[in-house]
Amino acid sequence: MNMSTPSRLQRVLSEGGFAVTAECGPPRGANPEVIRRKGRLLKGYVDAVNVTDNQTAIVRMSSIATCVHLLEMGLEPVMQAVTRDRNRIALQSDIMGAYSLGIRNILCLSGDHQKFGSQPDALNVFDIDSINLLRTVHTMRNEGKDMSGFELDGPPKMFIGAAANPFADPLEYRVVRLAKKIEAGADFIQTQCVYNLPRFKEWMRMLREEGLTERVFILAGVTPLKSAGMANYMVSKVAGMDIPESLVKRLAGVPREKAQEEGMKICLETIAELRQINGVRGVHIMAIENEEKVPEIVVAAGLMPRAEALILGGSHA
Amino acid sequence: MIVGEQKPIQEIKEMVAPYKRLLILGCGTCVKTCFAGGEDEVATLASSLRLAFRGQGKNLKIEELTIERQCEDAFIQEAARSIADSDAVLSLACGAGIQALARRFPTTPVLPGVNTTFIGVLESQGLFTEECLGCGDCELARFGGVCPITRCAKKLLNGPCGGSRDGKCELDGDTPCAWQLIIDRLSVLGQLDNLRAQVPPKDWRLSNSGGPRKLVREDHII
Chain Z
629 MNMSTPSRLQ RVLSEGGFAV TAECGPPRGA NPEVIRRKGR LLKGYVDAVN
679 VTDNQTAIVR MSSIATCVHL LEMGLEPVMQ AVTRDRNRIA LQSDIMGAYS
729 LGIRNILCLS GDHQKFGSQP DALNVFDIDS INLLRTVHTM RNEGKDMSGF
779 ELDGPPKMFI GAAANPFADP LEYRVVRLAK KIEAGADFIQ TQCVYNLPRF
829 KEWMRMLREE GLTERVFILA GVTPLKSAGM ANYMVSKVAG MDIPESLVKR
879 LAGVPREKAQ EEGMKICLET IAELRQINGV RGVHIMAIEN EEKVPEIVVA
929 AGLMPRAEAL ILGGSHA
Chain U
63 MIVGEQKPIQ EIKEMVAPYK RLLILGCGTC VKTCFAGGED EVATLASSLR
113 LAFRGQGKNL KIEELTIERQ CEDAFIQEAA RSIADSDAVL SLACGAGIQA
163 LARRFPTTPV LPGVNTTFIG VLESQGLFTE ECLGCGDCEL ARFGGVCPIT
213 RCAKKLLNGP CGGSRDGKCE LDGDTPCAWQ LIIDRLSVLG QLDNLRAQVP
263 PKDWRLSNSG GPRKLVREDH II
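Keeping their order, the protein sequence lines are chains Z and U. Residue numbers 629 to 945, in the numbering used here, belong to the letters of the first sequence in order. Residue numbers 63 to 284, in the numbering used here, belong to the letters of the second sequence in order.
These are calculated hints, taken from the structure and not from any lab test. Glycine included, every Cβ here is placed at the ideal spot set by N, Cα and C.
List of simulated lysine-lysine pairs, DSBU-like, C-alpha gap at most 35 Å:
#1 LYS276/U - LYS743/Z
#2 LYS230/U - LYS893/Z
#3 LYS743/Z - LYS785/Z
#4 LYS865/Z - LYS893/Z
#5 LYS854/Z - LYS743/Z
#6 LYS230/U - LYS829/Z
#7 LYS230/U - LYS865/Z
#8 LYS743/Z - LYS230/U
#9 LYS865/Z - LYS877/Z
#10 LYS123/U - LYS75/U
#11 LYS69/U - LYS743/Z
#12 LYS773/Z - LYS276/U
#13 LYS877/Z - LYS230/U
#14 LYS230/U - LYS854/Z
#15 LYS75/U - LYS743/Z
What follows is a set of in silico ranges between Cβ atoms, one per label pair, in the way DEER data are often shown:
#16 ALA158/U - PRO872/Z: 46 to 56 Å
#17 SER269/U - GLU897/Z: 46 to 56 Å
#18 GLY252/U - ARG668/Z: 51 to 61 Å
#19 GLU800/Z - GLN139/U: 54 to 64 Å
#20 GLU800/Z - ILE181/U: 31 to 41 Å
#21 ASN918/Z - LYS276/U: 47 to 57 Å
#22 GLY252/U - PRO872/Z: 30 to 40 Å
#23 LYS276/U - MET631/Z: 41 to 51 Å
#24 ARG204/U - GLU771/Z: 20 to 30 Å
Please model the complete structure; the sequences and the hints are all you need to start from.
Structural data, given as structure tokens:
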């Protein structure tokens with residue numbers, strides 16, 4: 629699809645592999661050991677690691693710095709960039725800086741509202757929205773120009789991602805919005821956690837009908853649930869989360885010490901079903917502060933080996 | 063209209079405490095309509111302050127006056143005599159009115175009695191909602207008459223975020239998702255195709271980001 633970039637994630641996807649990515653939340657402090665520990669857990673089990681940008685509006689180490697720590701360990705980072713905290717000047721500057729440091733993938737988001745974070749008294753920016761950020765990165769890459777039309781000395785050749793929530797309302801419009809994101813420049817899409825498979829399948833069907841799965845790589849999000857309590861918490865606190873009542877009951881129906889195991893089973897069943905859906909090109913595992921579970925999921929889901937040879941042989945141009 | 067809300071009485075008390083002769087000046091236009099600064103609010107506030115200070119044995123002489131608009135010199139003039147007789151003015155106008163007064167009477171302290179909140183409408187009795195940010199480049203035509211710059215908490219120009227559920231904003235269950243309203247309205251108008259358009263970034267120069275704005279109407283300059 630689109631332009632070829634030095635991204636290893638792009639190579640895995642365009643060569644027809646079923647990609648596996650995981651999430652890495654930066655620490656609330658300047659200690660890089662936390663990242664290195666997560667990096668060691670994930671290395672060899674995933675094609676890329678997605679680094680959040682002050683997720684849920686809680687102040688953390690920057691995504692760009694965390695990505696560099698992962699790069700130094702030989703992992704392939706995906707830098708998340710939200711439009712909540714930086715105006716167009718800062719965003720473009722960070723994209724160039726990130727690329728200069730070896731970051732090859734970017735996920736463009738608007739970001740969680742600061743109301744939900746640790747500093748709700750902050751001023752938000754939202755100078756541009758996520759679709760205009762996608763277009764900006766795309767223009768920088770494909771035309772080598774910044775938003776003012778200035779020709780850049782070295783375009784950042786990023787592999788560009790966007791988020792989609794198939795479970796938010798209204799369903800019909802979700803497809804239009806995804807089409808807009810692709811048109812603006814998205815190469816890959818990372819979805820909200822999938823629990824409601826019928827609705828996700830319906831969304832995928834609509835995407836195929838519009839020919840969108842031919843134009844973009846869809847990575848379906850999964851998060852293993854640890855308990856019925858966690859499921860209820862996510863539904864009430866996480867924006868746009870859809871967990872069917874039947875799954876909550878299933879978790880509540882097993883003894884407390886077995887709940888996590890049941891959550892894993894659900895996660896693995898979900899991945900197995902996702903792999904059968906035409907147009908799903910990979911999974912994005914969001915094991916929030918539970919990264920040690922990722923290798924277990926990847927192995928149990930039968931997703932090993934990862935394209936390790938490809939990764940080790942990948943150029944870092 | 064410009065919507066405002068009277069400051070808490072404690073804050074007002076602390077502000078006016080240093081003065082002996084205070085003029086409480088109401089404004090008879092916007093803030094009157096939203097029950098923040100018209101004649102009635104001036105009278106109630108004056109009584110509350112008199113009572114509070116009397117209880118503390120402090121003698122504060124309060125004069126009450128409401129003029130049509132504090133943002134226009136022609137009306138401000140009507141308050142000139144009362145202002146001359148006062149140590150300070152507690153203005154119940156919006157921020158523009160307060161500053162217009164301060165400009166007109168440079169040696170008199172002008173204190174704000176109202177927090178100016180937004181440009182909005184009276185949605186139902188007792189409920190005012192924000193509808194306009196005064197961005198300087200109205201795009202309501204493409205959004206079916208619902209402003210996402212003001213009414214979407216993320217100022218999204220290209221559709222709802224992933225937090226829109228059952229027509230409500232993720233911020234709280236009482237706030238409608240502006241994009242749901244836009245979609246509903248465009249649907250009724252038969253203009254759903256508007257949603258497919260890529261809306262470019264906003265030119266914030268026309269907003270307050272370009273510095274304080276001014277409007278010159280040559281045809282009205284005498």
